[in-house]
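Please put together the full structure from these sequences, using the hints given.
Chain by chain, the residues:
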Amino acid sequence: MQNVLQIVYLIPLLPLIGFLINGLGRKHLSKSLIGIIGSGVVLASFAISIWVFLQVKGGNTHDAHYFDFINVGSLKIPFEFKIDQLSSLFLLIITGVGFLIHVYSTAYMHEEKTEHFGRYFAYLNLFIFSMLLLVMGSNFVIMFIGWEGVGLCSYLLIGYWFKNQEYNKAANKAFIMNRIGDLAFLIAIFWIINKLGTVSYSEVFTAANLAKLNTTDVTVITLLLFVGATGKSAQIPLYTWLPDAMAGPTPVSALIHAATMVTAGIYMIARSNLLYSLAPITMDVVAYIGLATALLAATIALKQNDIKKVLAYSTVSQLGFMFLALGCGAYTAAVFHVMTHAFFKALMFLGSGSVIHAMGGEQDIRNMGGLSKKLKITFITFLIGCIAIAGIPPFSGFFSKDAILLSAFEKNPVLYGIALFTALLTAFYMFRLLFITFTGKFRGTHDQEHHLHEGPAAMTIPLIILAVLSIIGGFVGIPEVLMHGGDKLVEFLSPVIPVHGPSTVSHSTELMLMGLSTGLVVIMIIFAWFKFKNYQRTEETGFGKVLENKWYVDELYEKIILKPLNWLGSFFNNVFEKSVVDGLVNGVGRMVNYSSRQLRLLQSGQVGNYVLLMVISMVLIFVLQFFIRK
Amino acid sequence: MNALILSALLGVIMMFSGILLKDKKSIRGIAIAGMLLLLVMNVLEICGTVFFKVNTEGLMVFDRYALLFNTIAYLSTLIYLLLSAKDMEKVGVNYAEYFTLIFFILCGITLTSSFKSLLILFLGIEIISIPLYILTGSDKRNLKSNEASLKYFLLGAFSTGLMLMGIALIYGATGTFNTNFINLYYESPSALLIAGMLLLLFSMSFKVSAAPFHFWTPDVYDGAPTVFTSFMATIVKAAVFIAFIRLFDEAFGSLHARWQLFAGIITVATLFIGNITAVFQQSVKRMLAYSSIAQAGFMMLSLYSLNTDAKEGLLLYTAAYSFATIGIFAVLIKMNDYTFDGFNGFAKKQPLLAATTTIFLLSLAGIPLTAGFLSKFFMLKAALAGGGNLWLVIFAVLMAAVSVYYYFRVIQAMYFKDGEGAFIQASPFFKATLVVLAALIILLGIYPELLFYWIYF
Amino acid sequence: MPINYYIFLSIALFAIGIVGVLTRRNAIIIFMCIELMLNAVNLLLVAFSKMHHKVVLATDAATTVGTDGQLFVFFIMVVAAAEVSVGLAIIVMMYRNIHSVDVNFLNRLKH
Amino acid sequence: MVPVLLILIPLLGGLASFFIKNEKAVRSWVLFASLVTLSISIFGLTIFNSSGYLQHQCQWLQSLGASFSVKLDGMGQLLCLLNAIAYPVVILATWKSSYTRSHNFFGLMLLAQAGMMGVFLSMDALLFYFFWELALIPMYFLCSQWGGERRIAVTFKFFIYTFIGSLLMLIGILFVYSRTEAHTFSIASFYDAVLSDKEQFLVFWLFFAAFAIKMPIFPFHTWQPDTYEQAPTATTMILSGVMVKMGVFGLIRWLLPVVPMASFQLGNYVTTFAIIGMIYASLIAIQQNDLKRLVAYSSIAHIGLMCAAVFSENSSGMQGTMIQMFNHGINIIGLWIVVEIIERQFGTRKISDLGGLAQKAPVMAILLVIVALANIALPLTNAFAGEFLMFNGLFNSLGSKYSLWFTVSAGISIILAAVYTLNMIRKVFYGNTNTLTEAVTDVAITEKIALGIIVLLIFIFGVYPQALIDLTEKISVYILGEASLLPKVRTH
Amino acid sequence: MAIMQILFWLLSVVALFSALMVITSKNPVYSVLWLIVTFFSISGHYILLNAQFLAIVNIIVYAGAIMVLFLFVIMLMNLNKETEPQKNRWLKMAGAVAGGCLLLVLVAALKDSNIQNQEALVNEGNIGLIKNLGKELFTTYVVPFEISSILFLSAMVGAVVIGKKE
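Protein chains in written order, with our numbering: chain B, 1 to 630; chain C, 1 to 457; chain L, 1 to 111; chain H, 1 to 492; chain G, 1 to 166.
No lab work stands behind these hints: they were computed from the structure. Computed from a predicted model, the values in this text were never measured in an experiment. Some hints could be false.
[Claimed, not checked] Each pair of labels, with its calculated beta carbon distance range:
| # | chain 1 | residue 1 | chain 2 | residue 2 | range |
| --- | --- | --- | --- | --- | --- |
| 1 | H | Leu-436 | B | Lys-563 | 28 to 36 Å |
| 2 | H | Lys-360 | B | Leu-556 | 53 to 61 Å |
| 3 | B | Lys-563 | H | Ala-153 | 34 to 42 Å |
[To be verified] Below, a list of computed lysine-lysine pairs in the BS3-like style, where the Cα atoms sit at most 27 Å apart:
| # | chain 1 | residue 1 | chain 2 | residue 2 |
| --- | --- | --- | --- | --- |
| 4 | B | Lys-169 | H | Lys-21 |
| 5 | H | Lys-350 | B | Lys-169 |
| 6 | C | Lys-90 | G | Lys-111 |
| 7 | C | Lys-90 | L | Lys-54 |
| 8 | C | Lys-348 | H | Lys-157 |
| 9 | B | Lys-163 | H | Lys-24 |
| 10 | H | Lys-360 | B | Lys-27 |
| 11 | H | Lys-448 | B | Lys-113 |
| 12 | C | Lys-144 | G | Lys-111 |
| 13 | C | Lys-22 | G | Lys-165 |
| 14 | H | Lys-360 | B | Lys-163 |
| 15 | H | Lys-157 | B | Lys-578 |
| 16 | B | Lys-76 | H | Lys-474 |
| 17 | C | Lys-25 | G | Lys-111 |
| 18 | H | Lys-427 | B | Lys-113 |
| 19 | B | Lys-169 | H | Lys-96 |
| 20 | C | Lys-348 | H | Lys-96 |
| 21 | H | Lys-24 | C | Lys-348 |
| 22 | L | Lys-54 | G | Lys-165 |
| 23 | G | Lys-165 | C | Lys-24 |
| 24 | C | Lys-90 | C | Lys-431 |
| 25 | L | Lys-54 | G | Lys-164 |
| 26 | C | Lys-90 | C | Lys-25 |
| 27 | H | Lys-401 | B | Lys-212 |
| 28 | B | Lys-163 | H | Lys-427 |
| 29 | C | Lys-349 | H | Lys-21 |
| 30 | H | Lys-401 | B | Lys-76 |
[To be verified] Examples of chain C residues toward chain G, derived with CB under 8 Å:
| # | residue |
| --- | --- |
| 31 | Ala-8 |
| 32 | Leu-9 |
| 33 | Ala-33 |
| 34 | Phe-51 |
| 35 | Asn-94 |
| 36 | Leu-111 |
| 37 | Leu-119 |
| 38 | Ile-120 |
| 39 | Ile-134 |
| 40 | Gly-172 |
Where is the CB? At the ideal position from N, CA and C, for every residue including glycine.
Put into structure tokens, the structure is as follows:
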């Protein structure tokens, strides 16, 4: 009999329907209706996701085949969904967090004109749809479809306020940088097809097939996949689009650029962990890139003054942590961190959203301060978020980050050291943000001041829920040391991500490390408190300026990539095209014309010359006949 | 034989009609009726009813090829008369005499298409040439016409001299004027024979205006009254070509390898000069003169590759070329500005004429669905058959592309440019004839069996 | 007489005719040179006819081989006469219009 | 019977419309005729595999060894369908724009359609050449009669250039013909013709000249941007949507199988040029400020990919190309429609003069964005499957050891494609309106229908490309079999 | 036989010399006269070859009718003066050289043709007699003979067309 999970197609289908309704009817539906539809469909798919999750927990995984997408010769690419532990977990995160953010948006975007409001929700639903496609797909192609789909949605949402060309530029940047990654992903897919003739996980990840691949193949494939991941998950060198992506509405940043889309890369690598395990070189690359990104982003975040920019860079940094985990083979830890990060980063973005909302669109923290009195809920929830990200037990962030640090330590203490340092930076800049924003005295204008108010319930409730999640979210993965069998996540994911033996680190060391990190974090926080509790605006100088300007990376790219390409393009357009491609053809034409003008002078009009020429040619032909070709 | 005698008679009749009748219309009527009769007689002969049983053993043979060509020639002449006979009035007072001469020329054409003896060839060519000298000069007050006729005469006589010398040498080598016997002397041919053959090649090249013996063509075609240019550029040229290929097939076919190279050289030269020079012309009339050279170059391909395709193709080519060119000239005659600009905005005033003219031009340019394409196609096919010379063919094709340039200039002028190309109104009859002509060209282009059916049935 | 003599003689005459055509400007003279060329041909034809006649005569006393050559000459003369009448008529017409028979003045038509 | 109708109806329809003087009437007549053609071609699809109705052969020019034989196989189905769909769409889309002496305009359009149908259907080399030219002539008149101010010179260049190409092809045809045993022009005997390697190279270049110019691939593309810019947009739609495909089609049907050796040997060079062309054209497209030229160059890039994929000579590349011919046709027509609307409204195609249309004309904006995204082959749009397969084919091509580099560099051009497409959207539709674009009105109903059809097709074949793939499977297998260097197993 | 030789050489020399004089003498009238001389010598050759009919015709038609016609025209245009404009030297030179080359080439080509050792029957053989020629002309060659009448007709008509004043 057919598996009950066959109906999972509803999960992506509902948001799609929502997209269609909101998209087509955006002129005619009322805002409230749009909001209800938009959030409702996501809620529905969330409900189904829970049911699916329970099914999977009950041990029922399934590949739901629908139709042949592309089917050429021996290459078969079915349109098929894979429901297993990993995907069901992501389903929960996407739909769950997604739903909360939808609800939040209904309030946050309320000033928009109806049709734009509708457009907004259409985009959000479309995004959910593609993201679900990404995680549910049972082969790389379907994943790629979702992959590009989410890219598109992020493009649309970043450029949501399309009157502002800056935003549109940011949108283009995001899309194009993602495209670069996508190309690598695509080539990886071709490589796999070339070697194995299939793309579906269940066939690629069989031992027999993996045996077919020699080391170079695996390394190249995994590296290419990783490049794809760097595009989507904003790692060096393709990270610069993410901070610019903050041009989009804040909930969008929360949903796409913090909770879900950017974690696609992690999902992909976790999904193909079997491949990666075969490619030690790639693993190192991933680890180092991840760590480097984490550090770089953290340093930049230290000096940012745009509330969302700070969060953006912290996101990049956290993603770096996740890649570090992947690189160290701790896939579960990465996934774990994805989950917890989804909670608290979404929380903080929404929090910042309500701040911005309250400040009437103001984003520069130097004009804020002392908001804690007016925005109680926001403040508290934000605080919880900060604690979580800083990694203070028992908040969720602690467990996931600890797992990562541990894996790093296992791989190489140096990595651990840098990672720890980055973690401290994280704690520092997050609390810097918190204190500058919420403590001290208000630095904004007057009408901003008495206009300050807490958002409506639609905004606060999601905050609260997320806050709760960020507190308790970590308990699904309590490490062995603290509680025997506490690490539910590992055993849950074990069918997809095999556990390789008990950790090499002794319990004592592990406990010691935990203590160390926690202690240092607390110190950092206190340091931040003294530094920023009543902040005065100061001009950045020296190194600080470099950090404020993000190490001038954008400018660098501008110089070494965009400029030369543009120059080449204009050279082709103005010089090569005209003088060579056209030149040749027109040249032939001109030549014919010229020779025509010369040749007609032969027709001199003089009978004598005519006869002479005739006689001469006769003589020549006679000579040719009788004396040359005997 | 029917046609030969009848055309001679008709010539005489026209001569007297010129004296007896003063009314030009009836003279024209007689001429056209006679032409029709001539055509019918010829077709009858094809079907096997010969009225005059004259023994021309060893002098002439009226085989199907000859008769078929005669049909084409007479048909074209008929169309030519229908279209342009009226315009001869403009040339001069001797209206009837013009028809006389035309009939005599047809008589000569009949000879050249069916000769078996060099004597007949010679007579035929002379009978064609001498009236042409006169027709060229018939516009007496026009200095250009005079000049053209004198040039034509001098050069023509000169080439006749060459031809006779050639014939003499051949006679010396073989002791006969009969082509079939000449053809037997192929192993170790004497220098006399070769020299004579080459001289014949030159003189015939002259008559068909193949480079480097083409020099008379542009001047003469340009200077002659346009009505007669039309006639001699089409029917006469075609006839001489038929004679050309007959001669070199029947008399020197066995020596093909000997002269193929020279045929090739002449072909290339003709194609090159004809097409390239035509590009820069400003007067459509002169452009057509050069284009006739270019077309001759293509017909030379049939001589170069002497095989069945070539001969059949040549028939089609003569038909296609004659029809199209006659049509264009018929329109050109009615213009009073022969430059390209004279055609500006023609399509707006005379859409029908413009459309037909376009078809003629397309046919000359060798665009598919017109007879012009198939004829060129045959030439190329023949040249390629049996590992022919590919480069020659490619060259020919490139030149054909060049030819598109100047043919389409007319089309551009007619359709895409605006201007006051003043134009004498055309009678509905004229238009109808043109349409029929265009239809004929298309028909031949789609269904050439229409023609080939007659070669072997 | 060796046939070569005749060949060379007539070719020489022919060539002289051509040279005349090439070097003179007077249309009438040019025309005369062409007539000269024709005569060269005639001579050659007659010589050849006699040559062929001789070859056969050795075997057959009553042969008429070679007649055709001489008849051809006859026809050439016929044609030449006709040509002359027309040609001179044209030249005269030319003279009427431009009062010259100089072919170098024939340069309205060119290029 | 069906193929004959496909040719006859446009032909007769076109000839008829020369005599309908009233503009409105001729429009509706032409629309009607093209709809009939469309329905017939759809009927052809429904009876696919029941080959009795799908081919027709009769005597024609038998003295030359030619015959009038037409067949509607998978590829033919696809391209005829494209051709048949394109016309109603184009007519609807240009319903608003009026032409002087419109009966001639539409008559010529339909004649061109007939010609192209013939090209896609003919199974006889000579017939193929006939239609090849027949499709060109009306285009010549259309472009130089109703085009922009530089139309005459530009069109003339286009005409002569392509004409030279096709003449060379004619020589090639004759050459192969002279090598066939049966001395016929039938496609079967062409496939069987045995040529030495040297001859194969020769024939290859002779044929390739025609196709390369027609497609066009770098560096033979000089005619294209100018022509697209100058031609009336309706004509440009047909040119770039359908006619350009004749070149690719020619490669597949008349080049690979006829001279497999040469195609295999020379494939790399061609591919190299095609790919250089892709990047080259994309880089230029980024520089363009004229919408038409931008689309023109983007089309060059796309065609380059198709050409490269054909020479990868594997089922993936082959079928990818086949379905991409269809999809690209659909997409680019969509782009042209939007260009047409913009040009008609503002009288300019300068991107720099436009902006902010999205506020005033949201429908137009949305439709364009969809088409544009299809143009850059976003998944779930029709172009994705095609490009995916073509890239895959390119990557897995047996012939070449550079396939990886080919794929990568070709891939760069899809990134560039994203750049110029998105910039175009950004500059034209986003941002604030200026004085010129204040007065924009949204798309009219006819245009909405036209674009609607296009978008519908984009999504249908984006979600279920398999439909197209199934259609082309058999023929691609057949052609690859003919094109393979292994001793052939004859199926006909 | 010797007398024949001498006559042949004499006639040949006369023919060539007078022919050269035709093309060199300034005065057109002289040219005509020299041409007549050439014709006479050629007729002499005919007689030598025992082609009496042609000899007679040649004198009557050419030397008689045609040349008189020429002379007549020249007189009519009173061109009988030394002042005929000359071509420029180089063109003359070129012409002469070209003609000379043609002569050389032909001679060189034909000197060793396979009939070089044959001879033309001199002074005997009766095919050149009117009796024989006439018979042939009106039996085998009657058709061309009739056709040549057309030639004359057309020439006549032509002369009318061209000559008639309007």
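Structure-based check of all given hints:
no.: 1; hint: H:Leu-436 to B:Lys-563: 28 to 36 Å; in the structure: 31 Å, holds
no.: 2; hint: H:Lys-360 to B:Leu-556: 53 to 61 Å; in the structure: 39 Å, violated
no.: 3; hint: B:Lys-563 to H:Ala-153: 34 to 42 Å; in the structure: 36 Å, holds
no.: 4; hint: B:Lys-169 to H:Lys-21; in the structure: 51 Å, violated
no.: 5; hint: H:Lys-350 to B:Lys-169; in the structure: 20 Å, holds
no.: 6; hint: C:Lys-90 to G:Lys-111; in the structure: 55 Å, violated
no.: 7; hint: C:Lys-90 to L:Lys-54; in the structure: 58 Å, violated
no.: 8; hint: C:Lys-348 to H:Lys-157; in the structure: 24 Å, holds
no.: 9; hint: B:Lys-163 to H:Lys-24; in the structure: 40 Å, violated
no.: 10; hint: H:Lys-360 to B:Lys-27; in the structure: 14 Å, holds
no.: 11; hint: H:Lys-448 to B:Lys-113; in the structure: 24 Å, holds
no.: 12; hint: C:Lys-144 to G:Lys-111; in the structure: 45 Å, violated
no.: 13; hint: C:Lys-22 to G:Lys-165; in the structure: 18 Å, holds
no.: 14; hint: H:Lys-360 to B:Lys-163; in the structure: 12 Å, holds
no.: 15; hint: H:Lys-157 to B:Lys-578; in the structure: 15 Å, holds
no.: 16; hint: B:Lys-76 to H:Lys-474; in the structure: 16 Å, holds
no.: 17; hint: C:Lys-25 to G:Lys-111; in the structure: 61 Å, violated
no.: 18; hint: H:Lys-427 to B:Lys-113; in the structure: 23 Å, holds
no.: 19; hint: B:Lys-169 to H:Lys-96; in the structure: 34 Å, violated
no.: 20; hint: C:Lys-348 to H:Lys-96; in the structure: 25 Å, holds
no.: 21; hint: H:Lys-24 to C:Lys-348; in the structure: 21 Å, holds
no.: 22; hint: L:Lys-54 to G:Lys-165; in the structure: 54 Å, violated
no.: 23; hint: G:Lys-165 to C:Lys-24; in the structure: 19 Å, holds
no.: 24; hint: C:Lys-90 to C:Lys-431; in the structure: 20 Å, holds
no.: 25; hint: L:Lys-54 to G:Lys-164; in the structure: 50 Å, violated
no.: 26; hint: C:Lys-90 to C:Lys-25; in the structure: 14 Å, holds
no.: 27; hint: H:Lys-401 to B:Lys-212; in the structure: 21 Å, holds
no.: 28; hint: B:Lys-163 to H:Lys-427; in the structure: 11 Å, holds
no.: 29; hint: C:Lys-349 to H:Lys-21; in the structure: 16 Å, holds
no.: 30; hint: H:Lys-401 to B:Lys-76; in the structure: 25 Å, holds
no.: 31; hint: Ala-8; in the structure: 5 Å, holds
no.: 32; hint: Leu-9; in the structure: 10 Å, violated
no.: 33; hint: Ala-33; in the structure: 20 Å, violated
no.: 34; hint: Phe-51; in the structure: 16 Å, violated
no.: 35; hint: Asn-94; in the structure: 5 Å, holds
no.: 36; hint: Leu-111; in the structure: 7 Å, holds
no.: 37; hint: Leu-119; in the structure: 6 Å, holds
no.: 38; hint: Ile-120; in the structure: 6 Å, holds
no.: 39; hint: Ile-134; in the structure: 4 Å, holds
no.: 40; hint: Gly-172; in the structure: 7 Å, holds
Figure legend: structure checked against the earlier numbered hints; hints not met, in rising order: 2, 4, 6, 7, 9, 12, 17, 19, 22, 25, 32, 33 and 34.
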